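S.K.: With the sequences and hints as input, model every part of the structure.
Protein chains in written order, with the numbering used here: chain A, 2 to 127; chain B, 611 to 1034.
No incorrect hints appear here.
For lysine-lysine, the following DSSO-like pairs were computed, each having C-alpha atoms within a straight-line distance of at most 27 Å:
hint : chain 1 : residue 1 : chain 2 : residue 2
1    : B       : K941      : B       : K1012
2    : B       : K794      : B       : K682
3    : B       : K979      : B       : K824
4    : A       : K111      : B       : K794
5    : A       : K117      : B       : K678
6    : B       : K682      : A       : K111
7    : B       : K794      : B       : K678
8    : A       : K43       : A       : K25
9    : A       : K111      : B       : K734
10   : B       : K824      : B       : K734
11   : B       : K1012     : B       : K934
12   : B       : K1012     : B       : K957
13   : A       : K117      : B       : K734
14   : B       : K682      : A       : K127
15   : A       : K111      : B       : K678
16   : B       : K803      : B       : K665
17   : A       : K25       : A       : K89
18   : A       : K111      : A       : K43
19   : B       : K957      : B       : K934
20   : B       : K803      : B       : K820
21   : B       : K803      : B       : K682
22   : B       : K734      : A       : K103
23   : B       : K824      : A       : K127
24   : B       : K682      : A       : K103
25   : A       : K127      : B       : K820
26   : B       : K678      : B       : K734
27   : B       : K678      : A       : K103
28   : B       : K941      : B       : K997
29   : B       : K841      : B       : K979
30   : A       : K103      : B       : K794
31   : A       : K117      : B       : K682
32   : B       : K1014     : B       : K941
33   : B       : K820      : B       : K979
34   : B       : K665      : B       : K794
The following label-pair restraints were derived from C-beta to C-beta distances:
hint : chain 1 : residue 1 : chain 2 : residue 2 : range
35   : A       : Y13       : B       : L694      : 35 to 45 Å
36   : A       : F72       : B       : A750      : 31 to 41 Å
37   : A       : L10       : B       : L694      : 34 to 44 Å
38   : A       : V107      : B       : G696      : 31 to 41 Å
39   : B       : G968      : A       : R126      : 26 to 36 Å
40   : B       : D732      : A       : V107      : 18 to 28 Å
Just so you know, the hints here were simulated from the structure itself, not pulled from any lab data. Computed from a predicted model, the values in this text were never measured in an experiment. Positions of the beta carbon are idealized from the N, C-alpha and C atoms, including for glycine.
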Amino acid sequence: MFGPLGPSLAPYIRSSKTLSSYVKPFANWYANLMGYRQMGLKYDDLLVEEREDVQRALTRLTPRETYDRSFRFKRASQLSVIQQNLPKDQWTPVSEDVRYLKPHVVEVAKEDDERKVWDTIAVQRK
Amino acid sequence: MLAARTSAARSASRIARQFSSVVDTAGIKVAAVDNGEPTSAVTFLVKAGSRFETKPGVAHALKNFAFKSTNKRSALGTVRESELYGGVLSSSLSREHLALTAEFLRGDESFFVDTISSFLTDAKFTRHELQEYVAPVCAAESTASASNPASRALELAHIIAFRNGLGSPLFASEHSDIVVDNVKEFASSVFSKGNVAVLGTGISQEALSKLVEKTLASLPASAPASSTPTKYFGGESRVESHGGPQTVFVGFGTTGAPSAELAVLAAHLNPQSSIKWAESTSPLAAQIPATASVQAVSLPYSDASLFGLIIQGETAEDVKVAGKAAVDALKAAGSLSGDELKRAVAKAKFAAANAVEGRSGLVAALGPKVLAGSSASVQGLVSSYDKVDASAFSQATSTLLKAKPTFVAIGDIQALPYADELGL
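M.R.: See below:
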C-alpha cells in the first residue's frame, strides 16, 4: 500500500507554491539521507520489481535505460560489498534523479484495470 | 442462333454491382452501394502501400498497427467493443494500397466507422505496442512469406523488374530496424484527405457520407501520395533454398495502364482445368510432367503490370521440362486467333466478373478507381475484355516479349535452368 507506487501527496504539494517552498528543503534533506544517491542509484531503482506489472513495465524501457539501470545495480552491489559510498562527484545529482520507470508502471496498471473492467462488464443494450 | 441469343442476353443483363456515384465529402471520396445484404462493410482505402514507403518495411508495420490504441480507445477496448457488436476488423496491404476494413451488422456503422477513423486521425503509435504486438506479427508474416518459394519468387521478381517503387518488398525483412518514429512519420504523411477513399457495401451513401464527414473532419488536407513513374528493368536472380518445391519464375513487365490482353494471355496459358478430373485445353497442360505445375499470373498495378509464369516441380529436371514448354507456349501465344482466342477471352472475363461478385473483390477492383476519381463501374471493367481481338492480342503479346525477361530461380541453383536454357 505505501511505497513508491502508493498514494502520494506530492502532486498537491507541488501545486501550491507556499507549501512546496516549505516542504522542498525537508524532502531534499530526506532524499539525501536515504543514501541511494550516494550509491549512484535513482529513486525508481528502489521500486519493488518482483511484481508482474513492474516486470512488464521494465520491458518497456528503452535499451539505453535498461543498460544504465543494470550498470547502476552492479555498481551499487559492489559498493555494498566493499561497504563504501561513491566519491562525492559521482553521486546521483538531483537533476538526474527522475522517475523513469513509474510512468510505465502506471500505464501497465491502467491496462490491467481496463482489462478487469472489460472482463466483468455487464452489457446493457439500448 | 444459340450463340447470338446468349450473347444478346449477356449484354442485356445490366450488372447492378457498382458504386452508383462517388461523392466528395469534405475532400474525401466516399462511395457506397446497397444491394440489400444482411451485413454492411466499410473499407478505408489509403494510398499507403509498400510503393510509397519511406523506409523498407514501414508500410507493413503500419498495416499491423491498425486498430491498436488511439486517443479514443485502447487496443483492448477496440477488440472487446467490436466483439460485443459482433463485427470483424481487418487490415490488408498491397503494393499500392492499405485497406482497413470493418464488417458488421446493419445499424452498427457509427461505431465501426469511428473505430477506423480514429486510427487515421489520432492513433498513438506507442513504442511498447510496436515491440509487444506489431513487430512479432510482422516477423511471423515475413517468415511465412519467405518460406514459401512462390511468394518469395514473386517478391524477388518485383525487385528485379521494377527496382524501386513497385519493387519495394511487401513484407518487412525478418530483422527489420523499424522504430516507432518511422511509422509515425509515414502515417502522418499518408493519412490525409486526398489520400483516403471510403467504400461501403450494404450501407447507404448518405449515411456513410455523414459519418465520414463527422469522424474524419480533423484529417489534414494535403496532396495525395506520389511516386516516380514505374520503369521496367528485368534481369536474373538465383537464390539457394532448401525444402519446398524447386521454383522458377519467368516474367515480363510492361508500363502504362494495365490492359485486358495480359489477363487473356494468363487465362490462355493457365493449365488449371475448369472441370474436375479433365485435362485443360491450355497448350501447356499436355506437356508439363505430372510432378510439375505451371501457373500464369498477371499482376496489374496503376501504371505497370507484371506478367509471369510460376513453374514449380519436385526436381530441377521437372522444372526444366515444364519451363521449356511454358516458354514455348508463351512465344507461340501471339498467333492465337479464332475460337481459341474467344475461349481465352471468355475465361478471363469470367474470372474478372466472378472476382467482383464478392465484397473484397469488388473493393479491390473498384477501390483504386474511386481513389483516382475515375468512373467506378463493373460494367467498364468487364466490357474491356470484349475489345480484345486477334490483332490487338498479338501486338500486346509481341511487345511484352520484346522486353528483357525477369527470371528468378529458387531452390537447388546448381541444377535449376538458366534463362537462356529455357529459350528466353
